[in-house]
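Asks: Sequence:
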Amino acid sequence: MHPYRYCLIFAVLPILIALSAVTAASQSLRQSGQSNAGMVSAAHPLATDVGVAILELGGNAADAAVAAGFAVAVVEPTMNSIGGRNQILIRTPDGEFHGIDGTTQAPWDYDYDTAPQASYGYPVIGVPGALAGLLKLHEEHGSLPLGTLMASAIDLAQNGFRVLPQDATRQASGLAQAREFPGTIDAYYRGGENGYRAGELLVQPDYAKTLRLIASEGREVFYEGEIATKMAADLAANGSAVTLEAFNDYVAEDSRIVRGSYRGYELVGMGIPAAGVLSIQALQIMENFEPSSMSEAEWFAVTGQALSLASRELRVLGTDTAAARATSKDWANQLVRHVASPSNSAPTTDSNSLPTLEDRGDLFGGHTTHLSTADENGMFVSLTQTLGPNMGSKVVTPGLGFLYASTLGGYLGRMEPGERARSNICPFIVLKDGEVILVLGAAGGGMIPPAIVHAITRVIDFGMSLPQALAEPRVVAARGGGYSA
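Numbered by our numbering, the letters in the sequence shown go through residues 2 to 486 in order.
In case anyone wonders, no lab produced these hints; they're calculated from the structure.
Since the structure is predicted, the reported quantities are computational estimates derived from the model, not experimental observations.
Don't take every hint at face value.
[As the list claims (entries may be wrong)] Derived DEER-like restraints, expressed as beta-carbon distance ranges:
{"#": "1", "residue 1": "415", "residue 2": "213", "range": "34 to 40 Å"}
{"#": "2", "residue 1": "58", "residue 2": "201", "range": "16 to 22 Å"}
{"#": "3", "residue 1": "58", "residue 2": "265", "range": "35 to 41 Å"}
{"#": "4", "residue 1": "146", "residue 2": "335", "range": "50 to 56 Å"}
Heads up, the beta-carbon is just placed ideally off N, CA and C, and yes, glycines get one too.
Using the sequences plus the hints, can you model the full thing?
Replies: Below is the structure:
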């Protein structure tokens with residue numbers, strides 16, 4: 002198996018490196034950076050540099066996450082945007098945990114039975130939540146002015162940056178559907194038929210204008226004012242169920258924090274609609290087995306079955322009571338009886354049960370991004386943002402410059418009025434004796450919880466370094482209840 006490496010994670014280590022300058026014309030290739038003020042790990046090097054620069058200005062981990070979150074929404078536009086969704090896990094210096102749910106939402110008057118069904122386009126657009134999530138993080142935990150935190154993102158949009166190979170490939174793969182939408186063609190295909198090639202300068206003046214309005218006027222301009230009016234008019238004219246009232250009603254909510262433990266380490270994640278329950282339950286099932294007494298194939302069998310059991314459970318969870326049961330050790334111990342003897346269990350080879358390219362979140366077909374930050378005072382942030390599939394809905398409202406996520410129209414199955422999109426997004430923090438050890442998250446849809454589970458077990462059970470842990474092969478839960486390697 003080709004190892005799936007796209008899991009963004011860092012350990013809390015006292016290692017210092019020099020701060021790189023943040024420029025649009027020159028970008029480093031690093032995905033993580035540290036300074037005397039803290040650490041940042043992001044999928045794109047420019048987002049990393051933006052976050053580290055904010056720490057050097059005296060900002061805290063929340064400030065760095067907000068700045069990097071806006072920046073990565075500019076430099077990885079096929080993966081995330083302010084028109085998408087996010088989940089944010091925060092550990093404050095006093096040791097408390099907080100969660101922010103910036104998930105896309107169905108309008109309160111949404112009727113799944115009468116709404117148009119589609120796999121992309123205007124019918125799949127829900128109410129965006131990512132911007133509200135970032136602004137809530139800033140309002141409740143940040144320390145620097147919003148304009149300061151957004152300045153680099155605005156600069157990157159206005160003056161451009163060099164497109165990395167991965168995003169060039171994602172743009173090319175989205176062209177067939179994107180060409181139906183003039184705003185998208187203008188934003189990402191030069192107004193014609195060609196996407197940007199690797200190394201070319203991508204300039205996004207419309208996105209820069211949108212971000213400037215947000216920096217100066219805040220949440221209201223996006224959900225109630227000028228931007229909301231433009232979005233609502235475009236969506237209404239093209240068959241979307243999202244109205245101006247739906248934008249007005251949207252609020253980023255506090256998330257339920259879920260907890261568990263694994264071999265003496267504390268596990269902290271986020272409840273539904275995030276997938277913290279899945280990762281915790283899988284690990285607590287696995288805790289009943291001793292990897293040192295097994296071959297790698299046998300440990301894969303245990304891991305795959307634990308992930309499969311937890312995945313099936315997550316699909317039927319709908320209440321806090323059910324989620325609490327799913328993260329209890331007693332329930333994990335009961336589920337152990339459903340794990341077949343590792344020596345008699347093997348991964349599935351049925352190609353129909355294996356994840357699709359989109360499910361896998363392949364490096365070139367990926368559709369989610371993650372970043373983690375830490376500061377010298379003991380604040381940690383784990384933040385995941387997504388559009389759904391590659392380029393989300395494929396829709397950009399002309400003049401606004403950003404893509405909307407896929408949510409409605411059957412993309413995520415049946416959605417009830419006001420319901421928020423469930424996903425495999427899984428910001429996660431691991432502690433030992435009250436000290437933060439790992440701050441992590443991943444991309445790739447159904448590949449996210451397996452990436453997190455494997456990283457944790459490789460570090461805790463096998464004593465691997467993070468590069469070793471991320472390079473190792475993995476198993477994932479497959480369709481039909483099996484698993485694949």
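Asks: Return holds or violated for the Cβ distance of residue 58 and residue 201 against the range 16 to 22 Å.
Replies: Cβ of residue 58 to Cβ of residue 201: about 31 Å, so the range 16 to 22 Å is violated.
Asks: Cβ-Cβ distance between residue 415 and residue 213: within 34 to 40 Å?
Replies: holds (39 Å)
Asks: Lying within 50 to 56 Å: is that true of the beta-carbon distance residue 146 to residue 335?
Replies: The hinted range 50 to 56 Å holds for residue 146 and residue 335, with Cβ atoms some 51 Å apart.
Asks: State, for the Cβ atoms of residue 58 and residue 265, whether the hinted interval 35 to 41 Å holds or is violated.
Replies: About 38 Å separates the Cβ atoms of residue 58 and residue 265, which means 35 to 41 Å holds.
Hint check: a violation occurs at hint 2 only; the rest are consistent with the structure.
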